[in-house]
Amino acid sequence: MKQLSVASPTNLQRWFWVLLAINCLFIIAFKWYMPVETDEIVRFELAKELSVAERMVQEWETYGKLKYAIISIYIDFLFIVFYTTGLSVASIYFGRLSGHEILMRTGKFVTYLLIIAGICDVIENIAMLKSLQGTPTRWSVLLAYDMATTKFSIVILSALFIAVCLVFRLLRKIVL
2 MKQLSVASPT
12 NLQRWFWVLL
22 AINCLFIIAF
32 KWYMPVETDE
42 IVRFELAKEL
52 SVAERMVQEW
62 ETYGKLKYAI
72 ISIYIDFLFI
82 VFYTTGLSVA
92 SIYFGRLSGH
102 EILMRTGKFV
112 TYLLIIAGIC
122 DVIENIAMLK
132 SLQGTPTRWS
142 VLLAYDMATT
152 KFSIVILSAL
162 FIAVCLVFRL
172 LRKIVL
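Each residue of the sequence shown is one higher than the last, beginning at 2 in the numbering used here.
Rather than coming from a laboratory, the hints here were simulated on the basis of the structure. Certain hints may be false.
Restricting the straight-line Cα-Cα distance to at most 30 Å, the calculated cross-link-like pairs of lysine-lysine (DSBU-like) are [as the list claims (entries may be wrong)]:
{"#": "1", "residue 1": "K49", "residue 2": "K66"}
{"#": "2", "residue 1": "K174", "residue 2": "K131"}
{"#": "3", "residue 1": "K49", "residue 2": "K131"}
{"#": "4", "residue 1": "K109", "residue 2": "K131"}
{"#": "5", "residue 1": "K68", "residue 2": "K109"}
{"#": "6", "residue 1": "K131", "residue 2": "K66"}
Could you put the whole structure together from the sequences, leaning on the hints where they help?
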């Protein structure tokens, strides 16, 4: 993260747009080619109750979606790299654009939170794969739930941080 925090504004801007494009293309391609809907995977991540997870696995088996759910989780390992890197660059970039020292420092801090979000996502995926490739257990379902809620909380927090930075940037442009 040290290199990211000292990158030139031009490099940050370039990386922001490249990573935004990659993330958008990844999301579109994933939605286009996978028969398992994103909201179905999110519902499985947030199942929390063993009976809910078992019912979803049974439904996916019935409709021939189980193998696609497993594939989508494996593909998500790559997406973790894209979204955490993209949000990290955006946090540093928009923190700098805000022109406020506290937001610039917070942008650096958010990058570390996003590393934690990525780790939570990896653990969550492993727990979901354990449930999908074997028999779901209460422990694996709860672990996936806990990791997913932590990950989503950090991602939402980082998106809110970026929005605050944009507001400060706009206010700075209007006032100056």
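- Message: Tell me if the straight-line CA distance from K174 to K131 falls inside 30 Å.
- Response: violated, 51 Å
- Query: Has the given pair, K68 with K109, been kept, meaning a C-alpha gap of at most 30 Å?
  - Reply: violated, 39 Å
- Task: Please work out if K109 and K131 have their alpha carbons no farther apart than 30 Å.
- Result: violated, 34 Å
- Would you check the hint for K49 and K66, treating anything up to 30 Å between C-alpha atoms as holding? OK: K49 and K66 at ~21 Å, within 30 Å.
- Given the hint that K49 pairs with K131, test it: the Cα-Cα distance must not exceed 30 Å. holds, 15 Å
- Given the hinted pair K131 and K66, is their alpha-carbon gap at most 30 Å? Judged against 30 Å, a Cα distance of about 16 Å means the pair holds.
Violation of the numbered hints given earlier is confined to hints 2, 4, 5; the remaining hints are satisfied by the structure.
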